[in-house]
Amino acid sequence: MTVLIWIILAVFAIAALVALVRIVVGPSILDRAVAADVLLTEVMCVLGAEMAINHHTRNLPVLLIIAAVGVFGSISIARFVARKDNSPR
Amino acid sequence: MNLDTVLDTVSLVLLLIGALLCLIASIGLVRLRDVPTRLHAATKPQVLGLILVCLAIALSLRSWPVVAFLVPVVLIQLATAPLSAHMVGRAAYRNGTLDEQSLVADELRDAQETPPASGD
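Protein chains in written order, with the working numbering: chain A, 1 to 89; chain B, 1001 to 1120.
Derived from the structure by calculation, the hints contain no laboratory data.
Incorrect hints may appear among the rest.
What the hints assert, rightly or not - Computed footprint of chain A on chain B, listed as stretches where at least three residues anywhere in the stretch have a Cβ under 8 Å from a Cβ of chain A: (1) 1006–1020; (2) 1028–1037; (3) 1043–1052; (4) 1101–1113.
Since we're looking at a predicted model, the values are computed, not measured.
Each residue gets a CB set at the ideal place from its N, CA and C atoms; glycine is no exception.
Sequences are here, hints too, so could you generate the full structure?
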């Protein structure tokens, strides 16, 4: 049981680190927007996992608000990104 | 081995599968080539992982109000993930950040070349 919880936490940590690598490296701003979206959904998954492991319901409103508001980040980046950015791909 | 232990174990296994799907999305984000392919890796496993995590929460807490709270979370995520993916993909097409050689079909360019109401 405890081993399974540690494996879950390790997998989440590795996933977040790998997404952070793409945010740091990512050549264009759209790559960073996609990676930030992935990282946000991973934050939602971690909040839900913590709630399921510890048997409480305090994170539920946070989950709902992130699900409702999180989409506006990448939409506004995609809306206002320049037609041509100069960074080489 | 009563019912509570079984349900808790099932919820932990669902959490593990959800975490692995998050990991798959991140690996695809790093391994793939340009913005549309990374978008392909980013949107689909993420939503499935979130659905599995919500199922694990419902199995772990075992109360109907929690389920009623989780249903809109999943529905909002299912509704907004294609929206943002569409916007980012379109911006990537106009930005020139996608690999033109790798496209098999380019229906957006065909639609832009053909004038509307040309009967084609």
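**Prompt:** Which hints, by number, does the structure contradict?
**Reply:** Those not satisfied come down to hint 4.
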